[in-house]
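J.: Residues per chain, in single letters:
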Amino acid sequence: MTTDAMTLTPARPLPKPARRPRKAKPRRSWNTAAGHLVMVVLAIFCLFPVYWMIVSSLRPANAIFETTLWPSTASLDNYSYALKAIPILRMLVNTLVVAATVTVVQLFTGLLAAYAFARWRFPCDKLIYTLIALTWLVPFQVVMIPNYLFVANLGLLDNLLALILPHFAAALAILMLAQSMRSFPREVLEAARMDGARSWRILWEIVTPNLRGTIASLAILIFISTWNEYFWPLLLSRSPQNSVVQIGIQMFMSSEGTQWGPLMAASTLASLPILVIYVVLQRQVIQSFMKSGIR
Amino acid sequence: MISDATLSGPVQAPPQPLRLPRPATPTRRASAWRIAPWLYLAPAAATLILWIYWPLLDAFRLSFFRWNMLPGAPMTFVGWENYQNIFALPKFWQALRNTGLYILGLVPLAVIVPTVVAIYTHDLPARSRNFYRTVIFVPMIIAPVVAAAIWRWLLDPAHGMVNEAITLFGFRPVRFLQDPTVAIWTIIVPTGWKLIGFSTLILSAANANINPALIEAARMDGASKWEIVRDIRLPLLRSTILFLALMTILLGAQWSFSYIHVLTGGGPLGSTTNIFYILWDFGFSTLSVGWSSAAAVILFLGFGALAFVLLRLMDRYSFHDN
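So the protein lines, in turn, are chains P and B.
Mind the numbering: the first sequence is residues 1 to 295 in the working numbering, read in order.
Mind the numbering: the second sequence is residues 1 to 322 in the working numbering, read in order.
If we strip away everything but chain P, and leave its shape as in the complex, we get (with noise of 0.2 Å):
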């Protein structure tokens, strides 16, 4: 239960006076250049690739193999060459599509289990919710061809659907959720039944509005990871109108020969919404996936 101290750690004040003797001032502070030096060195390799797609997007058909870090002339032509070649609008527009249903649904059915096991003890509940928990233990990689097939056989096969119904549910969700809702004050939920208050207006009306926080930080994972996710849509996809635009990045990727510039321009414009949820709410998309684990 330490991770909201822990990732808050850079804005609490952490007791330094206290063991810092005034006469290390001198070694301190080269260890703090040094320190710099450290994280600087590691910042430019986790952003330079970032900056690079962006940079090489805006660089005219000519000047592509340029290297120098800013680009001498910038156009656009790459974006509209790219928005040319595949739908890639109408691409964004599914991947929307596909990332908020998937984030709204899982995270209704995630609250509805979490919630029976919260308020209820029914048979063979632990077992359940270890067989829920396990779940994480089967790669995707072991189910696809199953799953295919299956999706093959509703002749959902290039249909947005298909890509939303597997994830109509995630163990991560309703783990969370159920971890949130233990810690939710039991006699709230008595009071509110004294009251007569049905199951279900309690969840909605009580519970629900109380995890606001877990909920939230849910969203935001849900959303990246499905707006990220490719291999799914990878055994899907037939037609470019019904693909996300993951798949449409890989579409400028060929053997006989790569676009470099409309590749990163359908790149930067794939990232682009991440990227600006990610500069709106860093603090919370970075305690949401530190709150997780990895994905």
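Keep in mind that the hints are not guaranteed to be accurate.
[Claimed, not checked] Chain P is faced by these chain B residues, among others (derived, beta-carbon under 7 Å):
{"id": "1", "residue": "Trp51"}
{"id": "2", "residue": "Ile52"}
{"id": "3", "residue": "Thr134"}
{"id": "4", "residue": "Val146"}
{"id": "5", "residue": "Glu164"}
{"id": "6", "residue": "Ser292"}
[Claimed, not checked] A few chain B residues facing chain P, derived, Cβ under 7 Å:
{"id": "7", "residue": "Ile35"}
{"id": "8", "residue": "Ala36"}
{"id": "9", "residue": "Thr121"}
{"id": "10", "residue": "Phe137"}
{"id": "11", "residue": "Ile142"}
{"id": "12", "residue": "Gln254"}
{"id": "13", "residue": "Gly304"}
[Stated by the list, open to error] So these bits of chain B aren't anywhere near chain P, every CB distance computed over 12 Å:
{"id": "14", "residue": "Arg34"}
{"id": "15", "residue": "Arg61"}
{"id": "16", "residue": "Leu62"}
{"id": "17", "residue": "Trp185"}
{"id": "18", "residue": "Val289"}
Read the hints as simulated data drawn from the structure, not as lab findings.
All of these numbers come straight from a predicted model, not from anything done at the bench.
Cβ atoms here follow ideal geometry from the backbone N, Cα and C, with glycine treated the same way.
With chain P held as given, fit chain B onto it using these hints.
T.: Chain B only, in chain P's frame:
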């Protein structure tokens, strides 16, 4: 150290997953077969059964057949033949060895470097630390395909930035993705690139959580810097480090999938393929359902056994008390 929430996600499987809420006074006794909880559970349970547990069983079934997924093609029962064929296939063993190499290569990037960086930079001022935090987290939110596209561009043998830099310093350009001995290590870089900042943040947070009084006490006793790291920080960070190592071992090879697919397609000469990638290859390149399913079963059982052992070990060796 690492929070309950962090562990609850994917990792908290066998050891202690079952701390369900227990009311102090169970007012509503579980009157056996109440229907309400089942209704609440139904949508989630149905989804997980339909898309995970049922297909898992189906993969077992399909692994005993020879079939190419084409409509009208016959589905022949072949018993254990698929398994025998896979075990006799050099490509399978190559993929298995590569899976190990991927994990081996990822550990420094996802665990060791982050640990060193987190310990080394713990006393940076809060404001600049906040800034670095924001920057090094960026790769985590970039889509794997986008990351793969960027790295493909950076590593391009003719015009990629990395090779331009190498030739600038007077070295010969490296064929990062075309040379079979180099390619696998090349794929590890973008995979690790996505994780390194995130791991550093996790470890920094755990490191910042160490009670400064402990460090101070050790300093008073005349402990050197290195002794403090070795005897206090590392033991207190142990469960976080173990957690990250566990995730890397269990999921590392899986994370590299997109990069293999986009950057090399498993080549050259199968040098970058791994166990997850050959499942894909069997299934959707050669359309052999039986082989792919048999490999899936082998993978699932191996992966499950490994997870079980690792979780046991982790439970035993992590530091529970702060």
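J.: Of the numbered hints stated earlier in the document, which are not met by this structure?
T.: 7, 14, 15, 16, 18
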